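Undergrad: Under the numbering used here, the first residue of the sequence shown carries the number -19, and numbering increases by one thereafter.
Certain hints may be false.
[What the hints assert, rightly or not] Straight-line distance between alpha carbons at most 25 angstroms, and here's what the computed DSS-like set of lysine-lysine pairs gives:
no., residue 1, residue 2
1, K25, K(-18)
2, K46, K25
3, K50, K25
4, K46, K(-16)
5, K50, K(-16)
6, K(-16), K25
[To be verified] Now the in silico label distances, taken between C-beta atoms and shown as ranges:
no., residue 1, residue 2, range
7, K(-16), E65, 12 to 22 angstroms
8, K(-18), D64, 27 to 37 angstroms
9, D(-4), D28, 14 to 24 angstroms
10, K25, D77, 34 to 44 angstroms
Hints in this document: simulated from the structure, not taken from any laboratory.
On a predicted model such as this, the values are computed, not experimentally measured, just so you know.
C-beta: ideal position from N, C-alpha, C; glycine also.
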Amino acid sequence: MKPKILIVEDEPTIVDSIQYALETDGFDVSCLSSGIPVMQLLSGKNMDLIILDIGLPDINGLELCKEIRKLYTVPIIFLTARADEVDRVVGLEIGADDYVV
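Whole structure, please, built from the sequences with the hints as guidance.
TA: So this is what it looks like as structure tokens:
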């Protein structure tokens, strides 16, 4: 069974690149361009990793991470353009396993 990765990112070029690389390496990749559907997807499908953007169009990725952490232990990696040290610290403190700029 292939490991399942969820990408939550609203920039199609970023999604396409990451999805291609992960699928080429044998991962089962699901993609969402907004954060609201994430909790519903997680309730019906177990994920092995979530790659999460902070700047989503409908919900802040930091808030979404908090909501995910209330119910799930799936590893979360923030992939974002926000390079400020405060954002990194907050992201890790609220439950992200890694923060990549």
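Undergrad: When you take the CB atoms of K25 and D77, is the distance between them in 34 to 44 angstroms?
TA: Given a distance of about 19 angstroms, which is not inside 34 to 44 angstroms, the answer is violated.
Undergrad: When you take the CB atoms of K(-18) and D64, is the distance between them in 27 to 37 angstroms?
TA: Holds, at about 35 angstroms.
Undergrad: Hey, K46 versus K(-16), does the alpha-carbon distance stay inside 25 angstroms?
TA: Status holds; Cα separation ~21 angstroms.
Undergrad: Cβ-Cβ distance between D(-4) and D28: within 14 to 24 angstroms?
TA: Check passed, 21 angstroms falls within 14 to 24 angstroms.
Undergrad: Taking 25 angstroms as the top limit, are the C-alpha atoms of K25 and K(-18) close enough?
TA: Given pair K25, K(-18) holds - Cα atoms ~13 angstroms apart, limit 25 angstroms.
Undergrad: Just to be careful, I want the Cα atoms of K50 and K25 compared with a cutoff of 25 angstroms; is the pair within it?
TA: Distance of about 17 angstroms is within 25 angstroms: holds.
Undergrad: Could you tell me whether the CB distance from K(-16) to E65 stays inside 12 to 22 angstroms?
TA: violated (32 angstroms)
Undergrad: Are the Cα atoms of K(-16) and K25 separated by 25 angstroms or less?
TA: With Cα atoms ~9 angstroms apart, K(-16) and K25 stay inside 25 angstroms; holds.
Undergrad: Does the alpha-carbon distance linking K46 and K25 stay inside the 25 angstroms limit?
TA: holds (19 angstroms)
Undergrad: Please work out if K50 and K(-16) have their alpha carbons no farther apart than 25 angstroms.
TA: holds (20 angstroms)
Hints 7, 10 from the earlier list are contradicted by this structure; the remaining hints agree with it.
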